[in-house]
Amino acid sequence: MPSVITANRLEDGIVVYLSEDDKWLPDLASARVADDETDLENLSTIAGQAAADQLIVGAYSMAVDLSEGTPQAKSVREQIRASHRPTISAVTEIQ
Amino acid sequence: MMYSYDEFDRDFLRDRNREFRTQVERRLAGQLSEDEFKPLRLMNGLYLQLHAYMLRVAIPYGVLSARQLRQLGMISRRWDKGFGHWTTRQNIQFNWIKLVDVPDILEALAEVDMHAIQTSGNCIRNVTADPLAGAASDEIEDPRIWAEVLRQWSTNHPEFTFLPRKFKIAITGALEDRAAIAFHDIGIRIVGGPNATIGFRIYVGGGQGRTPYVAQEMKEFLPPTQLLSYLEAMLRVYNLHGRRDNIYKARIKILINAIGVDAYRNQVEEEWQSIRGEGIDLPADEVARIRAHFAPPELRANPVDNAELLKARDQDSGFDRWVRHNVLPHKNPDYAIVSVAFKEPGRPPGDATAEEMLRVADAADRYSRGEVRVTYTQNLILPNVARADLVDLYEDLKSAGLVAGNTDLITDIIACPGLDYCNLANARSLPIAQDITARFADPERAEAVGELRLNISGCINACGHHHSGHIGILGVDKKGTEHYQITLGGSPSDDAAIGDIVGPSFPAEDVPDAIETIVDTYLAQRRDGETFLATYGRVGADPFKEALYGTPR
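Chains as they are written, first to last, in my numbering: chain Z, 1 to 95; chain G, 1001 to 1553.
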């Protein structure tokens, strides 16, 4: 099952994904996809180092949907995280 | 009047904030791991949620000054996205906080004698109270005096900083319970005693969450001089016997229902007898010192021209509705308590913009002696408004968009942040609230339905108080989709009850229809003047089940 690694950035809590060149970026579409267990273990090792280097917190892997070409979140929770906003109009947007 | 910090309080906060600033620096420098840092940040109200850090700021017993409210507005504008969220424990939380900013935010809070202590962790959390305290017409004694006594006793209490689980206390001093005391670990009701004395009736073991219970009576009458030693004994017995081995069984409600309230009481009485001579109770002069902070404001006689008021009501149906639902009786007949509703249909319940905070702060200064309260139903209260000022206040609030005349109606929904923000949630709460309020957006329709408390939680932890809603909605995860279980017949008040699950859950898109079906069933069954709860009590669940599911189950 294709998977990516996500976490929150330590200094501001923003949702990030492990991307190319070991960068942690907010855009899920740019995330590196692990196709098998070995790939995923490699990414998890990188994530462990990033946590030890105070870049990220709470890393975990999540399955993604690749039918659109780039990785897309499957669960409602991960769709909300990937969108970096609530699914409703915020009160400041209603005004 | 409200409690004001002295130099001791301010020094304590300065030290605490200095300490947390160095802890944040050490975390960012890698000298503290997340495992080491997490309990430290939680002691300062800082959670990590879905999108960012969340800072929960304490508003002890829901009491705010206009100056403090203005500072909360400033903080939301400078360090968040321009809004905050009133919580169901009379606090505020900011949802888009950066860790690196938190030490500065805590300093900004300390400038106005505020902090984020006791908003997380297994300690005695911020005490909540009747939001109408000091002003309500049915009050026996101002509960803020005793809430402040409890605040000072519980803050940094060395023995009760690592309890088996969090511990929530609520207190009311009025005839009507507006503090949901039956759903707290300890509920306190100020009652009259012999010879015009007052005392406390103590309840224990209430709570919502996974295993909801209505609190049971613990002590019928406790003289006020013995409050702290008795509560100390209650906490000690819980601290000793609470289930530290299982987080789901660690609250005092589980202990009480395992051993029975009588066995618990016996142990508490025994402990109490052994410690009550130890000087835990406050000396009378210290209580008097605290009491003086809550001296009733000197409200000058300010008779309203009733003919003018009636004329204004006659000319503006919105104002008339607002007076009917959001203007409550004050001790002083020339004055009123005003509910400032943040529940205009379509808004996310509880969210307030920086601008709105500033506007309410200005209104509080102009019309309510600078006093504001936060309700657990996620609105604000202006407690001391001259009835002669009601028209002007209404116009001010109207220009701020805060005059929904729907207090305690179906659109005055309590909702937790749910899956849109919260790490624990299984389902979203806010869009469900918006969809339901859209169905009842016509204020005449909402008013025709009458008093109806509708509460929504996005998970079984029940921050949205769904168990105590007349109609409760609980978000659940059903094979990866958001479903919602509906309960009927709960109540947070003197007739406290836990709602009954009406039947199988509904997918999100079917929830507004289900709520309309429930309301229509109620309206069809209602006898003259009956509230939803009264009708439900009389006819039971069957008509609702039949309307929702076709056949009685």
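The set of hints was computed from the structure by calculation and includes no laboratory data.
No experiment lies behind these values; they were computed from the predicted model shown.
Just to be clear, a hint being listed does not mean it is correct.
Stated by the list, open to error - Cross-link-like lysine-lysine pairs, in silico, DSS-like; alpha carbons within 27 Å at most:
#	chain 1	residue 1	chain 2	residue 2
1	G	K1219	G	K1166
2	G	K1545	G	K1478
3	G	K1478	Z	K23
4	G	K1081	Z	K23
5	Z	K23	Z	K74
6	G	K1098	G	K1081
7	G	K1398	Z	K74
8	G	K1219	Z	K74
9	G	K1166	Z	K23
Said to hold, decoys possible - Here chain Z is said to cover these stretches of chain G; the calculated rule only asks that three of the stretch's residues, wherever they fall, bring their Cβ under 8 Å from a Cβ of chain Z:
#	region
10	1341-1351
11	1492-1502
Think of the CB as a built atom: it goes at the ideal place given N, C-alpha and C, for glycine as much as any other residue.
Hints, verified against the model:
Note on K1219 (chain G) and K1166 (chain G): the hinted pairing holds, with a Cα-Cα distance of about 22 Å set against a maximum of 27 Å. The suggested pairing of K1545 (chain G) with K1478 (chain G) holds, with an alpha-carbon distance near 21 Å, which does not exceed 27 Å. Proposed proximity of K1478 (chain G) and K23 (chain Z) is contradicted: the alpha carbons are some 35 Å apart, above 27 Å. Taking the CA atoms of K1081 (chain G) and K23 (chain Z), the gap is about 26 Å. The hint holds against a cut of 27 Å.
For the hint pairing K23 (chain Z) with K74 (chain Z), the CA-to-CA distance comes to about 22 Å; that is within 27 Å, so the pair holds. The straight-line distance between the Cα atoms of K1098 (chain G) and K1081 (chain G) is roughly 11 Å, inside the 27 Å bound, and the hint therefore holds. Distance restraint check for K1398 (chain G) and K74 (chain Z): the Cα-Cα separation of roughly 43 Å exceeds the 27 Å cut-off, and the hinted pair is therefore not satisfied. Taking the CA atoms of K1219 (chain G) and K74 (chain Z), the gap is about 53 Å. The hint is violated against a cut of 27 Å.
The hinted pair formed by K1166 (chain G) and K23 (chain Z) fails the criterion: a straight-line CA distance of about 39 Å is larger than 27 Å. Judged by the Cβ-Cβ criterion of 8 Å, the region 1341-1351 of chain G is covered by chain Z as claimed, because 4 of its residues qualify and three suffice. Given a C-beta distance limit of less than 8 Å, the hint that chain Z covers the region 1492-1502 of chain G is violated, as 0 residues qualify and 3 are needed.
The structure does not agree with the numbered hints 3, 7, 8, 9 and 11 stated previously, though it agrees with the rest.
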